[in-house]
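Residue numbers (the working numbering), protein chains in the order written: chain A, 198 to 554; chain B, 198 to 554.
Honestly, the hints are just simulated from the structure, not real lab data. The reader is advised that the hints may include incorrect statements.
One copy or two, it doesn't matter: identical chains are merged, so the pair holds either way.
Taking lysine-lysine and the BS3-like style, the derived pairs with C-alpha atoms no more than 30 Å apart in a straight line are [as the list claims (entries may be wrong)]:
id, residue 1, residue 2
1, Lys200, Lys228
2, Lys448, Lys200
3, Lys514, Lys200
4, Lys200, Lys443
5, Lys448, Lys303
6, Lys310, Lys281
7, Lys478, Lys443
The chain contents come next:
2 protein chains.
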Amino acid sequence: MLKREGRTLSTYGLESGPLGYHPLREYIARKLARDAGITCSPDEILVTSGSLQGLDLVNQVLLSPGDTVIVEQMTYGGAITRLKRLGVNIVGVEVDHDGLSGAALKTALEDLKRRGIRPKYIYTIPTVQNPTATVMSTTRRAEILGLSAIYGVPVFEDECYADLVWEGTRPQAMRGMSQDERVIHIGSFSKSIAPALRIGYLVAGWPLMSRILAIKSDGGSGAIEQMILAEYCPDHFDTHVRALRKTLRRKLDVMIEALRVQFGPAAEFADPAGGIFLWVKLPDGVDTTRLTQMALQSGVAINPGAEWMTDAGAGRKRIRLCFAHPSEQVIREGVASLAGICHREFAVPARHAKEHR
Amino acid sequence: MLKREGRTLSTYGLESGPLGYHPLREYIARKLARDAGITCSPDEILVTSGSLQGLDLVNQVLLSPGDTVIVEQMTYGGAITRLKRLGVNIVGVEVDHDGLSGAALKTALEDLKRRGIRPKYIYTIPTVQNPTATVMSTTRRAEILGLSAIYGVPVFEDECYADLVWEGTRPQAMRGMSQDERVIHIGSFSKSIAPALRIGYLVAGWPLMSRILAIKSDGGSGAIEQMILAEYCPDHFDTHVRALRKTLRRKLDVMIEALRVQFGPAAEFADPAGGIFLWVKLPDGVDTTRLTQMALQSGVAINPGAEWMTDAGAGRKRIRLCFAHPSEQVIREGVASLAGICHREFAVPARHAKEHR
Chain A
198 MLKREGRTLS TYGLESGPLG YHPLREYIAR KLARDAGITC SPDEILVTSG
248 SLQGLDLVNQ VLLSPGDTVI VEQMTYGGAI TRLKRLGVNI VGVEVDHDGL
298 SGAALKTALE DLKRRGIRPK YIYTIPTVQN PTATVMSTTR RAEILGLSAI
348 YGVPVFEDEC YADLVWEGTR PQAMRGMSQD ERVIHIGSFS KSIAPALRIG
398 YLVAGWPLMS RILAIKSDGG SGAIEQMILA EYCPDHFDTH VRALRKTLRR
448 KLDVMIEALR VQFGPAAEFA DPAGGIFLWV KLPDGVDTTR LTQMALQSGV
498 AINPGAEWMT DAGAGRKRIR LCFAHPSEQV IREGVASLAG ICHREFAVPA
548 RHAKEHR
Chain B
198 MLKREGRTLS TYGLESGPLG YHPLREYIAR KLARDAGITC SPDEILVTSG
248 SLQGLDLVNQ VLLSPGDTVI VEQMTYGGAI TRLKRLGVNI VGVEVDHDGL
298 SGAALKTALE DLKRRGIRPK YIYTIPTVQN PTATVMSTTR RAEILGLSAI
348 YGVPVFEDEC YADLVWEGTR PQAMRGMSQD ERVIHIGSFS KSIAPALRIG
398 YLVAGWPLMS RILAIKSDGG SGAIEQMILA EYCPDHFDTH VRALRKTLRR
448 KLDVMIEALR VQFGPAAEFA DPAGGIFLWV KLPDGVDTTR LTQMALQSGV
498 AINPGAEWMT DAGAGRKRIR LCFAHPSEQV IREGVASLAG ICHREFAVPA
548 RHAKEHR
């Protein structure tokens, strides 16, 4: 790749313009058409430095302090942090086993409308919801899109985990279902190839894209990473992700088994439809924010529920456990260590499993 | 490199923490000690996505709308754009053959002080000033630092061209001369290795660095680029840059010769001390903003002076010509084409050189 095209590194845009390396955008367009049912040209795709930059760019263009946005009540912690930093009013809407609740969304939109407030967007993670790991049905997606149309509020769809559904296929993305420019779509290679590559993408119509391009003054996203992905993905992405899903599912099974052994019924969770995390509810009396701090001192890193919910108080009993990076052995040891700390601090689980051995 | 450390790509920070890939920071620390007289540990260095991200991060931490900053009257266009977007008052201070004028800076600081305004920083490009391509003397640097101390205004030193001084050595950076945290220093590999890599760095004391780290929520800068530079630079950077400087100097000579042939005395400029651009003054009556548009239609890209000066009106007679990327042949053709357009539109140069042949 460098022998063939290395000279283009001497320009800011790899001779591909401000949207990113053209061969990569071509691959993403083909992939989105096949996997997500999105029909778009490479020129409707912007390569970003991770989907995080996609979040930042959309926020920077659409939001001002005092604006209101709707997000899922349980959602990506980094999205909440960003919105708080921007001084935006965050309205959290209930999620159920099918993701963002249509009924609750309608109530929230109606309530805001009565108060003369039109939210700037509805942020949702439909496929492998973060942190609940559900996959939103097509019916629910249609319901959300309907509400988006009625209330004139765009949908901001974050599909960064969508390649990691265990069964290998994902429902059509809302950007694909919608026939207009009402849906902004972001995706990522962080979960499927490597987070350190910092390569994500954003699909949007020209009215928004032109405004985003005007403020993406970073001189382009990582060039070699873009070239590597464009070279690797067409022939190898599918095989790689198939194997990755198997590994992740196996690690998840190890984590679930470890939780059953160590926590017994004290740890409640639903079986994830895919992804890299498990969303666990612990009994009353456990303060997971404190648990997180204690665990970190013992070398076990977990996400406290308070950071993954719009109502931090409601997150105090929840934890988000990632199983992608640690080995099966480390998962087992980590869960055992966590149970030990939790028992010591909160007398939960009531009797520490190990004591019976 | 990938065989040895590829596994670390599966984490966000390459197991090096939020400051960036540790071996690269070690190299930068050694390089800054040797070339710029800056004594700092790798942990006072933040790897950024180009020095542009350094600009953005410092601005984001230090500036609010309505704040005042001091910049050189002729300065990097991207810095001006960014400051305007942030709603900041820009005070442009005169530059002379030695860079930012100490006398003019003192007047500006005194004037602001009388009005009760303390600027947030003094932004300067001391080594290969952009666009005038001068190198600030050590005496002048000391003068600026003295004023910074007296008026309590930090210096924001952008040394992104400092490797490209023709004579191969650069004066000590102000960050190195200063014994306290008053100087923020940024640098880049964009001009010495490749712009598309998007790797720069920022040196700052912990009070500022800790605030910057809190908002650098991008998941890290490009990993493979950082690893490549850490692998390549220790053994090859010096040899490469020595050869690069020779190539650039030769291209500059071609550009100067072409300007003399095509524009004659109508094009005024000083011989750059290094870098990749030539700052040219054209006669009264030429509007370089219009000239830029006309030239672009003929496939010749130049920077209009209005974008490189705080007083856009004063920049109307100036152009910034880059000679790094085009071949010698393209430089000759480009300057000839520019002269043709300039003659057609503004009757400058008075008689087009080619007509005499």
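**Message:** Run through the hints listed earlier and report the numbers of any the structure violates, in increasing order.
**Reply:** Violated: hints 3, 5.
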